[in-house]
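Undergrad: Position 192 (the sequence shown) corresponds to 192 in the numbering used here; numbering is contiguous.
Bear in mind the hints are in silico, worked out from the structure with no lab data behind them.
Take these hints with a grain of salt, some might be off.
[As the list claims (entries may be wrong)] In silico DMTMM-like cross-links for lysine to aspartate or glutamate, where the CA-CA straight-line distance does not exceed 25 Å:
(1) Lys191 with Asp222
(2) Lys265 with Asp253
(3) Lys191 with Glu241
(4) Lys221 with Asp263
(5) Lys133 with Asp44
(6) Lys133 with Asp147
(7) Lys194 with Glu180
(8) Lys191 with Glu173
(9) Lys191 with Asp253
(10) Lys264 with Asp201
(11) Lys90 with Asp253
(12) Lys40 with Asp193
(13) Lys133 with Asp249
(14) Lys90 with Glu72
(15) Lys90 with Asp140
(16) Lys90 with Asp147
(17) Lys40 with Asp120
(18) Lys255 with Asp88
(19) Lys70 with Asp44
(20) Lys194 with Asp130
(21) Lys214 with Asp193
(22) Lys214 with Glu150
(23) Lys255 with Glu173
(24) Lys240 with Asp263
[What the hints assert, rightly or not] FRET-style restraints, in silico, Cβ to Cβ:
(25) Gln109 with Asp193: 35 to 43 Å
(26) Glu173 with Asp44: 27 to 35 Å
(27) Gly172 with Lys255: 20 to 28 Å
(28) Asp263 with Ser89: 13 to 21 Å
(29) Lys194 with Ala132: 43 to 51 Å
(30) Ser89 with Ser161: 45 to 53 Å
(31) Asp44 with Asn108: 12 to 20 Å
(32) Ser89 with Glu173: 41 to 49 Å
(33) Pro78 with His211: 31 to 39 Å
Because the structure is a prediction, the values reported are computed rather than measured.
By construction, the Cβ of each residue, glycine as well, lies at the ideal position given by its N, Cα and C atoms.
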Amino acid sequence: MSTPVGRAASRSGTWGSRVASCQSRSSIVFNRDNYIRSCKLLPDGRTLIVGGEASTISIWDLVAPTPRIKAELTSSAPACYALAISPDSKVCFSCCSDGNIAVWDLHNQTLVRQFQGHTDGASCIDISHDGAKLWTGGLDNTVRSWDLREGRQLQQHDFSSQIFSLGYCPTGEWLAVGMESSNVEVLHCTKPDKYQLHLHDSCVLSLKFAHCGKWFISTGKDNLLNAWRTPYGASIFQSKESSSVLSCDISEDDKYIVTGSGDKKATLYEVIY
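Could you put together the complete structure from these sequences and hints?
TA: What follows is the structure in structure tokens.
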């Protein structure tokens, strides 16, 4: 089932990974005409939220004998590019193709607020672990932070390229940004410190911090999965897949990485410290 893949030496010792391809146990049939951009599974494992090339965000009941849509959130924007869920699972944030960030009450299935600022589509999103701050990236070449308690924009960072992915470090100090230009930049949230990382050969499609905050991963259209040391970006390991790597996530214990690729495969990596 598993075969060893690349190892990389680091200052803290040797890292490695093992990889296995995954097959689904069951599937949910969505509207075949709508491209899925983002999905979020709530912590209780009972509810899945799905957004994409449609004005509606679907809330799926996974406990039913056959998974079914139990509610839909309807936006004025024609598409949803990314989703985030508040730590208490009460609120959903959707990045809209019109640049707005919609805030949804999941219990009442109602729109409670919109953050406006991006002048082109809002493409990616992350939320602080305390649920107080939101970070969004856009096709307008900006990254913005938002105060969720006061409902206002806090900061704006301007770049020379469209933003395709970002991740907020759990320690609260660093923000990593993946760009259409193939660069990854790591910014300090309160100081001018930043690092530019150059291992991708094409646009950076997804990015995720480990829960410990000591490392993060990025994936790209160049078929690469890169793991980086926080914040300065020393390469920990790299794996090349057979197609563009569209998405990634890390398990709560930081022992596993999963990626989704353009050839309709999910790949599971075991991280070996």
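Undergrad: Each hint should be assessed against the structure and marked as holding or not.
TA: Here is what the structure says about each hint:
The hinted pair formed by Lys191 and Asp222 fails the criterion: a straight-line CA distance of about 32 Å is larger than 25 Å. The straight-line distance between the Cα atoms of Lys265 and Asp253 is roughly 23 Å, inside the 25 Å bound, and the hint therefore holds. The hinted pair formed by Lys191 and Glu241 fails the criterion: a straight-line CA distance of about 36 Å is larger than 25 Å. This hinted pair checks out: Lys221 and Asp263 have alpha carbons roughly 12 Å apart, not beyond 25 Å.
Between Lys133 and Asp44 the CA atoms are separated by roughly 23 Å; this keeps the pair inside 25 Å, and the hint holds. Restraint check for Lys133 and Asp147: the C-alpha separation of about 5 Å stays at or below 25 Å, so the hint holds. Distance hint between Lys194 and Glu180 is fulfilled; the C-alpha atoms sit about 18 Å from each other, no more than 25 Å. The suggested pairing of Lys191 with Glu173 holds, with an alpha-carbon distance near 9 Å, which does not exceed 25 Å.
Between the alpha carbons of Lys191 and Asp253 the distance comes to roughly 29 Å, so the proposed pair goes past 25 Å and is violated. With a C-alpha separation of about 22 Å, the suggested pairing of Lys264 with Asp201 holds against the 25 Å cut-off. Under the criterion of a C-alpha separation no larger than 25 Å, the hint pairing Lys90 with Asp253 is consistent with the structure, at around 24 Å. As the CA atoms of Lys40 and Asp193 are separated by approximately 32 Å, the hinted pair breaks the 25 Å bound.
Note on Lys133 and Asp249: the hinted pairing holds, with a Cα-Cα distance of about 21 Å set against a maximum of 25 Å. At most 25 Å may separate the alpha-carbon atoms for a hinted pair to count; Lys90 and Glu72 meet this at roughly 15 Å. Only pairs whose Cα atoms come within 25 Å are accepted, and Lys90 paired with Asp140 is rejected, the gap being roughly 29 Å. A threshold of 25 Å between alpha carbons decides the hint, and for Lys90 with Asp147 the separation of about 17 Å falls inside it, so the pair holds.
This hinted pair checks out: Lys40 and Asp120 have alpha carbons roughly 23 Å apart, not beyond 25 Å. Taken as a hint, the Lys255 and Asp88 pair is honoured in the structure, with Cα atoms around 24 Å apart against an allowance of 25 Å. The suggested pairing of Lys70 with Asp44 holds, with an alpha-carbon distance near 16 Å, which does not exceed 25 Å. A hinted pair counts as satisfied when its Cα atoms are at most 25 Å apart, and Lys194 with Asp130 qualifies at roughly 24 Å.
Simply put, Lys214 and Asp193 have alpha-carbon atoms about 17 Å apart, close enough for the 25 Å limit, and the pair holds. For the given pair, Lys214 sits about 30 Å from Glu150 by alpha-carbon distance, which is inconsistent with the 25 Å threshold. Taken as a hint, the Lys255 and Glu173 pair is honoured in the structure, with Cα atoms around 23 Å apart against an allowance of 25 Å. Of the supplied pair hints, the one linking Lys240 and Asp263 holds, its CA atoms being roughly 13 Å apart against a limit of 25 Å.
Remark: the range hint 35 to 43 Å for Gln109 to Asp193 is upheld by a beta-carbon distance near 42 Å. For Glu173 and Asp44, the hinted distance range of 27 to 35 Å is satisfied, since their beta carbons lie about 30 Å from each other. Checking the proposed 20 to 28 Å range against Gly172 and Lys255 shows it holds: the Cβ atoms sit about 23 Å from each other. The beta-carbon spacing between Asp263 and Ser89, approximately 32 Å, falls outside the hinted interval of 13 to 21 Å.
The hinted range of 43 to 51 Å is not satisfied by Lys194 and Ala132, whose Cβ atoms lie roughly 23 Å apart. Distance hint check for Ser89 and Ser161: the Cβ-Cβ separation is about 33 Å, which falls outside the suggested range of 45 to 53 Å. A C-beta distance of roughly 18 Å is found between Asp44 and Asn108, which places it inside the suggested range of 12 to 20 Å. At roughly 25 Å, the beta-carbon separation of Ser89 and Glu173 lies outside the given 41 to 49 Å, and the hint is violated.
Under the hint 31 to 39 Å, the C-beta atoms of Pro78 and His211, about 34 Å apart, fit the expected range.
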